[in-house]
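There are 2 protein chains.
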Amino acid sequence: MSQPNQPSQPFEITVGNVTRSLRLVPVGQMGFVPLVEFLGDSELTRAVAQALLPLIPEGTEALLTVVTNALPLAHELSDLSGLPYEVARKKRRTYMQAPLIQEVPGLTLGVSETLWLDGLHARRLGGKKVVIVQDVIATGAMATALARLVERSGGTVHGYLAAFKQGESSLPVRALQELPGRVEP
Amino acid sequence: MSQPNQPSQPFEITVGNVTRSLRLVPVGQMGFVPLVEFLGDSELTRAVAQALLPLIPEGTEALLTVVTNALPLAHELSDLSGLPYEVARKKRRTYMQAPLIQEVPGLTLGVSETLWLDGLHARRLGGKKVVIVQDVIATGAMATALARLVERSGGTVHGYLAAFKQGESSLPVRALQELPGRVEP
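Quick note, the sequences are listed as chains A and B, same order.
Residue numbering for the first sequence follows our numbering, beginning at 1098 and increasing consecutively.
Residue numbering for the second sequence follows our numbering, beginning at 1098 and increasing consecutively.
Please note that a few of the clues may not be correct.
[Unchecked claim] Think about it this way: if two alpha-carbon atoms lie no more than 25 Å apart in a straight line, the pair counts; the simulated BS3-like pairs of lysine-lysine are: (1) K1187/A x K1226/A; (2) K1187/B x K1226/B; (3) K1188/A x K1187/B; (4) K1188/A x K1226/B; (5) K1187/B x K1187/A.
[To be verified] Output of the computed footprint for chain A on chain B, the stretches with three or more beta carbons under 8 Å from beta carbons of chain A: (6) 1137-1151; (7) 1169-1178; (8) 1182-1193.
By construction, these hints were calculated from the structure, which means they are not laboratory data.
By construction, the Cβ of each residue, glycine as well, lies at the ideal position given by its N, Cα and C atoms.
Given these sequences and hints, build the entire structure.
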């Protein structure tokens, strides 16, 4: 099978006074999705965190994210808001104590993943109103797995926050902007 | 073989006005090392970045770090200094274009690793004076691999910056503090 040709126009986003041309990366043989990269871009990360700040639901007591792309964003959002954040990992670490293990079924790319949350960090979510923070929410499978981690930690899910939404998920996601789920070449 | 008993006293660090008790994690059957966790701790991350700021060598034009623990730190340091940063990954990503691949021989834990730097990001280091940023530098094997990535990107290594040093490496590392390489139980 041949790959479709890469579209000649990159996809452009503007957040605050930061504008970026997103690379389009192939998904299957069907089309392209814009790639949001926070790693290596502190300017975009900060602009997005500042724009997300007013979208944090009132009463939020903690944030939960997952490695890797959303990590600098969650850090910055924690820094700006003063809210603590926790991070689910995609690998077991030897130092984890009684980690919570959570499967993420059927991701966009068709590969299922496993999340690990150190028991010591899970405890910090106990009894708290927790908001899920992600870079992009598409199907919502990852967000749902993170929500399960919140519940299993004894916290309550207080909302879903994403820099970008892609396509339709059934979750009540607050996002800055919609990204095309598929850009036809 | 039996594990040594966990020392009862955690190891304490203070950076700026932030104090943390570090968990001690077993290394082999020999002892314990203090675990520095930036993930989920924006307060410590910010304090460390602020303290590292004056240690960035004059003339530095970019920073290079590696996932995962040092990532929020490098982001924050980039944010505070205005210097761009790049991130080496430990897995190949499908969207990477002509990535540089670099082996990290003989790490502390005896497991060798591979680093991946997206060609698009490598190009941004070309012709620049680059400082390596890490959370902890111990043997210096990872720092040396990152330095190779800088050179292979066409940049020059302008220094090594770490929040903490552990033991003796032959690299000229600027760090805030020395951590015990091994805490006897």
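We went through each hint and held it up to the structure:
| no. | hint | in the structure |
| --- | --- | --- |
| 1 | K1187/A x K1226/A | 23 Å, holds |
| 2 | K1187/B x K1226/B | 23 Å, holds |
| 3 | K1188/A x K1187/B | 12 Å, holds |
| 4 | K1188/A x K1226/B | 33 Å, violated |
| 5 | K1187/B x K1187/A | 12 Å, holds |
| 6 | 1137-1151 | holds (count 4) |
| 7 | 1169-1178 | holds (count 5) |
| 8 | 1182-1193 | holds (count 6) |
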